[in-house]
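Given next are the chains, with one letter for each unit.
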Amino acid sequence: MRDTKSLLLLLVSLLLVVVSFVLIWTWGYNFYAKNGVAKPVIIQTVADSAAIANKVTDSFQKVYAATLKDLDLKLDSTLTNSDSLSNQLDAKLAEFYRLRGEIAEILKSKNANNNFAAAKQKIGELQTKVSDLNDKNKIVDKENKKLLDVVNDMVRTDKPPAKNSLSASMGQNMEPEKMNPVLSSAFTAFDLRLAAINNADDKEAETNSAEKTDKFTGAFTVTNFNSQLTNAEMMVVVLKPDGKVLKGSGWDSGTFNTPDGKKIYSYKFNFTYTRGEAKRLAFSLRGGTLSKGSYTMEVYNNGIMIGRTVKTLS
Amino acid sequence: MFTTTIKRPLFFIAIFLLFGLMPRAQNSIVQKYETSNVYAGIEVGSKGVKMSMVELDKKAGEDAEFKILKDTSINTDFISFTQVSYQATLAALNKLYELAVKQNKIPVANVFTAISSGVKIQAEKEDKKIWIDQLVNAFRLNNNEPERKVAVIDVAGEARLSHLGIVPEARRYNTFLIDIGSGNTKGGYFPYGNTKDFKLFQLTWGTKSAFNAADKMLGEDKSLENYNSQLSRVLAGAEDNEIVYAVNASGAFPKSDNIAFSGGIAWAVATLIAPELNDNAVVGVTYDEVLQFSEKLSKNPSLYSDYYIVKTMPENSVDTEKLGKDVRQVNKVFDQRSLLAGTGLLLKIMRQFDGVVERKKFYLVKNGAVGWISAYVNQNVSK
Numbered sequence: 001m002r003d004t005k006s007l008l009l010l011l012v013s014l015l016l017v018v019v020s021f022v023l024i025w026t027w028g029y030n031f032y033a034k035n036g037v038a039k040p041v042i043i044q045t046v047a048d049s050a051a052i053a054n055k056v057t058d059s060f061q062k063v064y065a066a067t068l069k070d071l072d073l074k075l076d077s078t079l080t081n082s083d084s085l086s087n088q089l090d091a092k093l094a095e096f097y098r099l100r101g102e103i104a105e106i107l108k109s110k111n112a113n114n115n116f117a118a119a120k121q122k123i124g125e126l127q128t129k130v131s132d133l134n135d136k137n138k139i140v141d142k143e144n145k146k147l148l149d150v151v152n153d154m155v156r157t158d159k160p161p162a163k164n165s166l167s168a169s170m171g172q173n174m175e176p177e178k179m180n181p182v183l184s185s186a187f188t189a190f191d192l193r194l195a196a197i198n199n200a201d202d203k204e205a206e207t208n209s210a211e212k213t214d215k216f217t218g219a220f221t222v223t224n225f226n227s228q229l230t231n232a233e234m235m236v237v238v239l240k241p242d243g244k245v246l247k248g249s250g251w252d253s254g255t256f257n258t259p260d261g262k263k264i265y266s267y268k269f270n271f272t273y274t275r276g277e278a279k280r281l282a283f284s285l286r287g288g289t290l291s292k293g294s295y296t297m298e299v300y301n302n303g304i305m306i307g308r309t310v311k312t313l314s
Numbered sequence: 001m002f003t004t005t006i007k008r009p010l011f012f013i014a015i016f017l018l019f020g021l022m023p024r025a026q027n028s029i030v031q032k033y034e035t036s037n038v039y040a041g042i043e044v045g046s047k048g049v050k051m052s053m054v055e056l057d058k059k060a061g062e063d064a065e066f067k068i069l070k071d072t073s074i075n076t077d078f079i080s081f082t083q084v085s086y087q088a089t090l091a092a093l094n095k096l097y098e099l100a101v102k103q104n105k106i107p108v109a110n111v112f113t114a115i116s117s118g119v120k121i122q123a124e125k126e127d128k129k130i131w132i133d134q135l136v137n138a139f140r141l142n143n144n145e146p147e148r149k150v151a152v153i154d155v156a157g158e159a160r161l162s163h164l165g166i167v168p169e170a171r172r173y174n175t176f177l178i179d180i181g182s183g184n185t186k187g188g189y190f191p192y193g194n195t196k197d198f199k200l201f202q203l204t205w206g207t208k209s210a211f212n213a214a215d216k217m218l219g220e221d222k223s224l225e226n227y228n229s230q231l232s233r234v235l236a237g238a239e240d241n242e243i244v245y246a247v248n249a250s251g252a253f254p255k256s257d258n259i260a261f262s263g264g265i266a267w268a269v270a271t272l273i274a275p276e277l278n279d280n281a282v283v284g285v286t287y288d289e290v291l292q293f294s295e296k297l298s299k300n301p302s303l304y305s306d307y308y309i310v311k312t313m314p315e316n317s318v319d320t321e322k323l324g325k326d327v328r329q330v331n332k333v334f335d336q337r338s339l340l341a342g343t344g345l346l347l348k349i350m351r352q353f354d355g356v357v358e359r360k361k362f363y364l365v366k367n368g369a370v371g372w373i374s375a376y377v378n379q380n381v382s383k
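Just so you know, the sequences run in chain order A and B.
In this text, residue positions in the first sequence follow my numbering: the first is 1, and each later residue adds one.
In this text, residue positions in the second sequence follow my numbering: the first is 1, and each later residue adds one.
Chain B with its partners taken away, still in its complex shape (with noise of 0.2 Å):
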């Protein structure tokens, strides 16, 4: 039917092509980061666990600069301790290691683990602390690890360490950073130049317990309106309360000229309020600014759906696709009372620092999430 002249040919044309692309189809789907300058850290949270993988500059250590390359998480609730939320952090915990290691082929020994201060509080206070130590040793058990060193942090070397990742060198001696979290809030600032003596400064609020103490008082009225005068309310009493004394007792003010801000909410304002400013990680603000954001959020949301965002932004003048999928997710994490709730805090204590006769500068930091564990990585990487 063929002669043999057709018939080689065709023969050589198909080995080619299944040996010669498949190779390439597979390389095309996962990156390797086998270079000696990327790393991973691993953080077991008390809401999920994250990864976060950098890269670092040539000189590592406290003042090197690092890049962002990829963060993923998986939500577990490990502070709940029970055995299905011990299991589930396990396997995430696992599932990370594995996909640094194996998937992006980090050599082991740049990828870092560590425990949060969250979860440490939480076990301390319910006398858990059994739970840590068998996740850590299942952990080790389970990649043939015995010496693998699994950190657990404690809040001011969070706090310390949250500075370190997020503030630039130029500023670490004159910013003041705040996490204002979901339960609490915490942060601190350098006081006399050096690296080892931090400040620390906490709030037993954060934007969920704020949320929950004005939601509890609302009664039969659950309109908006009730809701803001029951917020006011809460607010006025933690101002009046704790922040008033805990920003005095911090003595920040007079050694601070930038006051930065991380945590979710932080990352929520920074996402709508400068949506022109999509692709900065920390936004600049003023107390004025974020006040009317708060306002007009209470007065009519629809001003920050990703449709209306996107809509009313100059042509190419930022990714739209990417703004749009950014507002959605904030607007997926928080609704418009939470949002009301954070915005609330953040102004009362941003309103510390805004004298009349001295304004400080005001940032939120929208990647504050991964800025410890950054900094973890770095500084581990210089000893």
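Okay, chain A solo, but in the shape it has when bound (with noise of 0.2 Å):
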């Protein structure tokens, strides 16, 4: 009786652990899928687009690769012309030193009465083989001119790769590669400052402290001796400590383009100028909760940093 009371209750403890293991599971899992531990693989199965690009170029590599076979086999073949033209020449220069020979023998001779009708025919045979020399040279000549001509298209095409013919051929899918202009700035930083600041009662106090940052201010005199430009534009690219550009508002922030490709900017000023002004520049960027480390603010133009100064924050 005793037994069985105890089972009993034994049984229903387990019954119990059971469940609750079935609780912590249930919750774990809850937990590892709130926190996208345990995200389910999504197996790609629209059209790989950049791997029909890639067929796209490939067939494209394949159009130039033949275009370029064409162009060795024709090359080789007007070599080869070339060189057979050069062979006949040779052979047609050497008939006719032999029939040019053979003509002065006959002339030495003194039975000209019996060779002068064979000197006729070989001073007729001669004059054709010069005539024909005379076409063939011909030939030669547009065969080096229409040579010089491919050489001179190959060296063309070669200059600008993706521009001239193989653009043409690629047709409308491939974008044309562009050529990065050279980036320069007219313009010169300095007494650059960035500051954390703390607004406590309506007022605002500089902090070094992540936790009571508000916001950061910004500023920066730029200066301009040689160019004539009225108006301008300045980025200002504040990083956080993870590597990443601090934002403000959308409104503010955007990308430009830079030498090393696009970049955002946290800030943009646009603004008028005249030649030698030394123009200070200021803004103030709202960036919600900061952590702590180094805050960098880097101020280009024209694509070309001009200044960098760094703010640590504890």
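Bear in mind the hints are in silico, worked out from the structure with no lab data behind them.
Since this is a predicted model, take the numbers as computed values, not measurements.
Even glycine gets a Cβ: it sits at the ideal position worked out from N, Cα and C.
Take these hints with a grain of salt, some might be off.
[To be verified] What the simulated footprint calls covered on chain B by chain A, stretch by stretch (three residues with Cβ under 8 Å from a Cβ of chain A suffice, anywhere in the stretch; the number is not a length):
1. 268 to 278
2. 281 to 293
[Stated by the list, open to error] Below, a list of computed lysine-lysine pairs in the DSS-like style, where the Cα atoms sit at most 27 Å apart:
3. B:Lys128 <-> B:Lys149
4. A:Lys262 <-> B:Lys299
5. B:Lys70 <-> B:Lys325
6. A:Lys263 <-> B:Lys311
7. A:Lys311 <-> A:Lys240
8. B:Lys208 <-> B:Lys332
9. B:Lys67 <-> A:Lys292
10. A:Lys240 <-> B:Lys311
11. A:Lys263 <-> A:Lys292
12. A:Lys311 <-> A:Lys212
13. B:Lys70 <-> A:Lys215
14. B:Lys296 <-> A:Lys262
15. B:Lys322 <-> B:Lys67
16. A:Lys240 <-> A:Lys212
17. A:Lys212 <-> B:Lys208
18. B:Lys360 <-> A:Lys263
19. B:Lys67 <-> A:Lys240
20. A:Lys262 <-> B:Lys360
Got two chains here, each in a separate frame; can you build the complex from them with the hints?
Next up, the structure:
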């Protein structure tokens, strides 16, 4: 009887333990799923557009290779033709010299009566050969000219690789490769300042604490003694300790081009400028919760970095 | 078999685990917004019922800043004014209200309900205002709230609220906001430095109507070339007959430094044109950038597939999973031709502000859909 009671109690305990484990497992699963750890692997079944693009590129490569091969063949055949013409010329010349020698021999010979007709025939043959040689010479000249044109065309094609024959044959699907313009800036930036500001009781005070920072304020001075620019643009990039760009608002931030590719700016200045003027520019950025570490402010003009400063928050 | 010393701890462990963990497991599923500064706005629109949950900063009112916590919608087709669409809309309204009040624990007083201008216009046009009244009464009855306010917003009111909800205070009086919808375009600006006077701007063209007009003119030749030429014809007509006049009549050019576009096409173009700014709610663009986008889209739409865009992003520059999802969503909502129609209309309007001497700054707003209801909540909280 006592054993039966114990057994029952044990069974109930075991059942509860099992139920508990199921609950723990459910909770764990929810926790996992919520944190994105157990994310289902989505297999991309849509058409691989880049692969298609690669295929297109490949096919163009093939066309290009075939064209080159064809050109090679043409060149080879032209060279072969040229060689064969040269051989023919040599043979004709040899024949010419042979006939000239034979005629000279006949003329030297004392039995002029017998050989005069033969000499006349040989002279006729010699004239035909000379005329043939003239024609052949013209053909060789033409072939040489053609060959030169082909070589010149090839040289021109090799200089900008994607713009001429290839881009034309690529058609509309591929973007022509853009040549990066050489960027430079006429401006110099100095007196750069980046400060973390705390707003307490409607009073602004500078701080070095990441926790207390409500916003960043930045300022710098730019000058330009070289250019007659009247309108200028300056981009400010503030990098967070994790290397990402600090953005105050979507209305202020955007992208700009640099020699290293597209970059995101935190703030942009558009201003009018007179040569030699020392122009002071200032901005402020609210970036939400900030972490400890170094914040880097970079100033760009025309895609070139013209100034940089670092502010460390503890 | 087992001694009491083993049995007792086992029993208590089981009880502890059972009752200790159950509430935690439930709490982790639903987030509660019992704090007093979280509000919900439920909007009955032409194509569905939408709910935005916003968190306001300490100073409520028109100048207050708010953060959108959640944005959810249920598609219905209320403006077809049939029994089926009515029932679906009522069910969606009740469901979202329940979601706000019961599931997210938002106090009833913090939940605002409104009917959009699109529904009002269509109901007036078809003499079906009774459907709106019926919907409002049924909703009040279902939730046992006979005094509940369900405001019916007019076009000017909605455009004004959108401006207040989308454009930050610093740019409020120099920004012209234009919402390009599917069937029409509306917007406006505050011309006199106060939020009471609002200059309304309207066009009868929208993304879908431009697409439909071009599509109708295709005839036998359904090719993209023919579509593009018909679309150019349609948009040229719209520009000559309406856009130029409407922009001039609005008087916005001298008074606005910024021209902001909202609506589905603005969201779509912003997502595709600036993937590196995927987490920005607003993206600045130029006329040339949008023109280039349109040309590329026409020649090679695969440049704007989620796979290609994600693949061409520099490493660690954006959350590629979110970006891929957003681009997929854009391509699900708009096909190549609809995108071309919307972008074409966008360009026609932008061109009116892209002068040789003075060029305006253009912005594409992604979260415009929650703008007016959020502003409505904000405004009503301050009352």
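What hint numbers does the structure not satisfy? Number 17 - this is the single hint that the structure violates.
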